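On the provided structure of chain F, position chain G as indicated by the hints.
Top line first, the protein sequences correspond to chains F and G.
To convert, count from 1 in the first sequence and add 2; that's this note's numbering.
To convert, count from 1 in the second sequence and add 2; that's this note's numbering.
Just so you know, these hints were derived from the structure itself, not from any lab.
Bear in mind the structure is a predicted one, so any value in this text is a computation, not a measurement.
Just so you know, even glycine gets a beta-carbon here, dropped at the ideal spot from N, CA and C.
If you want a taste of the chain F side facing chain G, the calculated C-beta under 8 Å gives, among others:
| # | residue |
| --- | --- |
| 1 | D72 |
| 2 | L112 |
| 3 | N125 |
| 4 | E159 |
| 5 | F169 |
| 6 | V170 |
| 7 | A171 |
| 8 | L185 |
| 9 | I199 |
| 10 | I212 |
| 11 | Q215 |
| 12 | G217 |
| 13 | E242 |
| 14 | I243 |
| 15 | I251 |
Number of protein chains: 2
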Amino acid sequence: MIRKVHIVGAGNVGQALARVVKDVGLQEITMFSKSKTTSHLSHDLQPLLKPYDDLYKAPADLIILAVNDDRIETVAEMIPQRGQVVVHTSGSTPLDVLKKFPARGVIYPLQTFTAGHPVSWDNIPVFIEAADDLTRKRLLQFCSAFSPNCLVARSDERMKLHVSAVFVANFVNHLFVLAHQLLQENNRDFSLLMPLIRQTIDKAQQMPPIEAQTGPAVRNDLKTINKHLEMLENHPGKKEIYRLISQSIKEKQDQNEQL
Amino acid sequence: MIRKVHIVGAGNVGQALARVVKDVGLQEITMFSKSKTTSHLSHDLQPLLKPYDDLYKAPADLIILAVNDDRIETVAEMIPQRGQVVVHTSGSTPLDVLKKFPARGVIYPLQTFTAGHPVSWDNIPVFIEAADDLTRKRLLQFCSAFSPNCLVARSDERMKLHVSAVFVANFVNHLFVLAHQLLQENNRDFSLLMPLIRQTIDKAQQMPPIEAQTGPAVRNDLKTINKHLEMLENHPGKKEIYRLISQSIKEKQDQNEQL
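Chain F extracted, bound-state conformation (with noise of 0.2 Å):
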């Protein structure tokens, strides 16, 4: 049974686990983060915090590495193996990396994190990797307590796993960006667009978005892309954007109505 869990690092995947293991309750949860201030803490969070150093001292039966990707080996380098759970969070980071400790793993939440932004774990799946059974079955224990929606997923799945989360949510968020720049042309605020995104949305629960497609592009109306092109001549970025996306949505149309 896990009772110690250390989480390393008060980013936003640290705090939003520390809180909800926290809320469960079943765990004594300390947090080891390199910044000196706790300032950009939540005050529940704060008592939970350690001096850095404490890290290699006390004992814990699991210990998250909740740090950026490229620090994962370093954090890992410094910790001391005594049988312990290592487990870190990152989307594209094999399991590998930990293989100094024998009972390694991954926990990797498949949501985007911002302090401020909580977050309900009801939904969120979370993707387990282990390497053993034993260690596999104490972190779907571990795992269970807070989500409903634990799974397994090899490296390779979880990589592409992180692949698609970056095309639907950090790309998706870079296409308001530049919605949002063209309608400050107008002083039209972003809002106006929300009923349509929102729209968007809920198709994409209800058919496969391959069969929600509609636009210009979809239809092959040159006529309109070739407008639309036109006014985003002073706007080399967009414009390449907006033809790139045509293409490979008229692709992937041809590619579907071939099947």
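Chain G only, in chain F's frame:
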């Protein structure tokens, strides 16, 4: 006062407008469709449909051309000028294609319509353009009966709204298509991404999208970006979109930091 309304075109926009105007109940609506069959129309709309030839005979106060953009001029050509208001519903077609009619205008609802997916008009912005003050006033009055969000926009601005809509609806849906394909390779369901997608939308409603940007590109995390590009080696279309949008995210971030 507009009493008799003709809606030409029984596609998604024509049907959505016919239904909401019918539901308000202030006008007598007639629909005209080139298609001989009515089977794609819902039962409530089928009685409104008249033979296409009647369009040229029956008088109306308002004729709404809800046809494909490239058919607007052809259809307008065949409608006699009897002093009625004639509008189209296209985002990227200038008002002037209707110059044959002194009382001409545009009613452009900023929403994506799909048959069988009813929308609430309560917060759909509807953009009005008209050739003269009286027509504008009449159109605003007509529109405000079914939308609390009727706004005035010139042709050039309407095109910009349309391009923005393409980015946040059509292109966003295409990113869903690409992610859906990636997940299918591991037989994973697209619904796994819905909590992440919903969180992305919720953040866009709460803060400017540029501040909500997360992911490897905005962190300039080249190691992760390169892993993803390598994973997409056998998906050249997705790889190119990944590269271009990541580059655009980085550029916008740099510009934003310089402000």
